[in-house]
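**Student:** Please take these sequences and the hints and turn them into a complete structure.
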Amino acid sequence: MNVIELKNVEKVYNDSEIKVHAVRGVDLTFEQGEFTAIVGPSGSGKTTLLNMLGGLDKPTSGEIIIGGTKVSELKGSKLIDFRLHNIGFVFQSYNLIPVLSAKENVEFIMEMQGVPSKQRYLRAKELLESVGLGDRLDSRPNKLSGGQQQRVAVARALASKPKFILADEPTANLDTKSTENLLDIMEKLNHDAGMTFIFSTHDQRVVNKAHRVILLEDGVVTSDERQTPHQ
Amino acid sequence: MILSISWKNVWRNKTRSLVVVISLVLGIFGGIMALGIMQGWLAQRVHDGIYKEVSHAQIHNPQFMLNEELQHTIINYDKVVAVLDTMKGVVAYSQRVKVFSMVQSDWAATGLVIKGIDPDKEKTVTEIYQTLVEGEYFGGNHKIPSIIIGSKAAESLKLLNYQVTKEKIDSINTDIFPQVLIEKLKRIGDKRFRKDKDFRLALKEALSPEEFEVHSESLIKYFSFYRMNTSLRITIQDKNGVIQNPVFKVRGIYKTSNSMYDGMFAFVDRKQLNQYTELNDNEIHEIAIISNDNESGAKVGDKLAEYIPENSTMSWIKLSPEIAMFNEFSAIMGYIYVGIILFALAFGIINTMMMSVLERFKELGMLMAIGMNRFKVFGMIMLESVFLSLTGGLLGMLISGIVVSVLSRTGINFGMWAEGLEAIGYSSMIYPIVTITNYISIAILVVITGMVASIWPARRALKLNPAEALRTE
Ligand SMILES: Nc1ncnc2c1ncn2[C@@H]1O[C@H](COP(=O)(O)OP(=O)(O)OP(=O)(O)O)[C@@H](O)[C@H]1O
Ligand SMILES: [Mg+2]
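Residue numbers (the working numbering), protein chains in the order written: chain R, 25 to 255; chain C, 6 to 478.
A couple of the hints might just be wrong.
To be verified - With a straight-line cut-off of 27 angstroms between C-alpha atoms, the simulated DSSO-like cross-links for lysine-lysine are: (1) C:Lys367 <-> R:Lys43; (2) C:Lys19 <-> R:Lys167; (3) C:Lys19 <-> R:Lys102; (4) C:Lys367 <-> R:Lys167.
Unchecked claim - In silico contact screen, one side only, chain C against chain R (beta carbon under 7 angstroms); selected entries: (5) Leu8; (6) Asn14; (7) Thr179; (8) Pro183; (9) Leu363; (10) Lys367; (11) Met371; (12) Ala374; (13) Lys468; (14) Pro471; (15) Leu475.
Claimed, not checked - Some chain R residues close to chain C (C-beta under 10 angstroms, calculated; not the full set): (16) Phe59; (17) Asp81; (18) Ile104; (19) Ile121; (20) Val123; (21) Leu124; (22) Met136; (23) Gln137; (24) Leu168.
No lab work stands behind these hints: they were computed from the structure. All C-beta atoms in this analysis are idealised placements derived from N, C-alpha and C, irrespective of residue type, glycine included.
**Tutor:** Laid out in structure tokens, this is it:
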């Protein structure tokens with residue numbers, strides 16, 4: 025079943041003096057349980073594409089349909105609510121609320137969804153355990169390493185029970201070991217729980233772990249291949 | 006959870022928040038002190054106005070109100086007294102005879118209203134007996150009857166004299182006045198001055214200009230004294246229009262906080278006065294009534310007007326509209342002051358909240374991206390602002406509360422400006438008053454200020470585009 029559909033999506037940035045055609049006529053579909061890497065040189069439009077997928081940005085033309093909803097047409101609080109209930113986000117940095125502990129960061133998104141507090145606590149604990157942070161529930165973000173922070177972000181993204189998780193260069197600020205560790209966790213969640221991941225990266229080792237690799241060049245999809253993950 | 010996030014966010018930049026908190030503490034402290042002093046002042050004025058001057062209600066013959074002549078005494082006096090004796094809410098009352106007179110000392114003359122009173126009954130109604138600065142309140146057996154006059158009248162009659170007596174020189178405090186000065190004072194000699202002006206001149210001659218500048222006021226006070234037991238010749242008209250010239254001796258001098266009052270009224274025993282007015286014991290010009298408190302006092306006044314319509318009864322609200330106004334508006338000035346301070350402080354809060362929002366653009370972008378709606382973002386920032394202002398506000402109120410509770414017992418001495426203040430009816434000792442209602446209202450004002458101050462920063466936060474805020478540079 026198709027979870028996400030992009031139909032002839034275009035994005036033109038018009039706000040500065042020069043027009044930038046960041047994404048040109050992209051047609052893509054993603055299915056439940058995919059583990060997809062989006063790669064391409066800097067400025068090729070990866071972030072732009074992911075932002076449109078996540079409802080953070082609007083396509084100039086074309087449409088994006090997620091689970092039957094035309095996201096590209098949602099506005100205001102409807103769009104924010106849609107994001108809250110359907111999409112998990114992991115950003116490159118500034119993922120967490122600095123004044124809250126790891127556990128509270130995970131609970132916070134559930135609170136916004138209206139999950140009762142007892143349930144919130146149990147699920148946050150379980151998720152943090154599943155990303156290997158069962159012993160760091162009460163640590164504030166500044167007491168965690170970059171890799172641990174990204175794992176909390178993954179747990180947070182999962183907590184909202186989204187249809188898929190978007191991650192824009194989640195490993196860009198991490199060392200080799202933490203990168204590997206984060207990818208392993210994401211892969212495991214994909215394998216065990218069937219969670220759909222779409223992530224962008226510059227790192228070849230991360231690309232190697234993907235099941236599907238989409239190459240973006242100058243805003244155009246120039247290759248879209250399935251592969252067997254390898255080292 | 007938003008509550009806890011907001012509270013913690015306030016303290017992310019401790020120094021910056023503390024600056025705002027401290028400025029709020031100082032501002033609120035200043036505001037509450039001003040409010041407390043204002044209210045203390047006015048409450049005292051209201052108290053003095055009622056318990057030293059007008060009482061809670063007064064009864065007169067309506068004719069007397071128009072034309073204060075001797076024959077306009079209270080109508081149906083026996084009935085009036087019977088009503089007063091049985092009516093609920095009447096705590097005490099005092100019957101007075103009031104005559105206009107010319108009063109002469111050996112050195113000067115002045116016009117005074119003489120109130121003939123029953124000294125003991127008057128004590129239950131007015132606090133004049135507590136305000137004596139010299140002499141005694143109608144005691145002892147004297148051949149020549151006693152009169153109690155105000156300090157201002159004593160001055161007019163030149164009874165306030167100045168003299169560098171040997172006893173006063175001997176008991177002078179050498180810590181305050183240096184020995185050299187005392188030597189110079191001795192040169193003035195044991196001479197009596199009847200006018201403040203003359204004594205001042207003598208001091209000026211004896212002392213160097215600097216010494217005069219520093220010490221003259223306190224010296225004038227120190228060497229002043231009232232001439233007691235002075236005979237005053239009083240000119241009044243009796244019931245039959247015949248001029249009478251009795252003599253009374255000054256045996257007491259009172260001083261209220263209202264120097265106008267002190268210059269206008271003198272007290273004598275009604276029975277002794279009536280020997281010259283030819284009035285009977287049941288011929289009374291004025292009955293002053295005291296009730297439990299100001300509010301019931303006003304009610305008693307209105308009730309009496311119904312029971313004894315043949316006379317004119319007025320409550321303190323009508324007798325002294327100025328005091329009634331003080332009573333009503335006492336807090337308003339203070340609140341205006343607090344409001345102005347909070348208005349100024351709001352700019353500090355806006356500035357701090359704005360900085361805090363701009364600094365957190367990426368974080369706020371992230372929160373909006375993952376699904377925090379505008380309402381919650383707005384609420385979070387508003388709460389931060391309210392917490393920030395309330396911390397300062399409550400701390401300021403706590404400190405003010407402690408200071409006010411001490412000062413409300415010890416009082417604040419505004420003696421420096423006392424002369425000016427007393428002339429317009431204020432006492433120089435002020436006991437600040439701040440009520441629970443005041444504190445609650447100020448707390449609400451602080452919360453409102455915090456909320457209003459957050460609107461602009463919060464709107465700025467809502468305008469941000471999460472996609473742009475999150476683009477890492
Ligand atoms: N707000 C904007 N206004 C104008 N141009 C923009 C804006 N955002 C991005 N662009 C441009 O759009 C193009 C695509 O940018 P995008 O950030 O999507 O690339 P990317 O593939 O994510 O690059 P990187 O690998 O460096 O993250 C770039 O040329 C960029 O300069
Ligand atoms: Mg990018």
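**Student:** Please list, smallest to largest, the hint numbers that this structure does not respect.
**Tutor:** The structure breaks hints 3, 5, 7, 8, 9, 13, 16 and 24; every other hint is satisfied.
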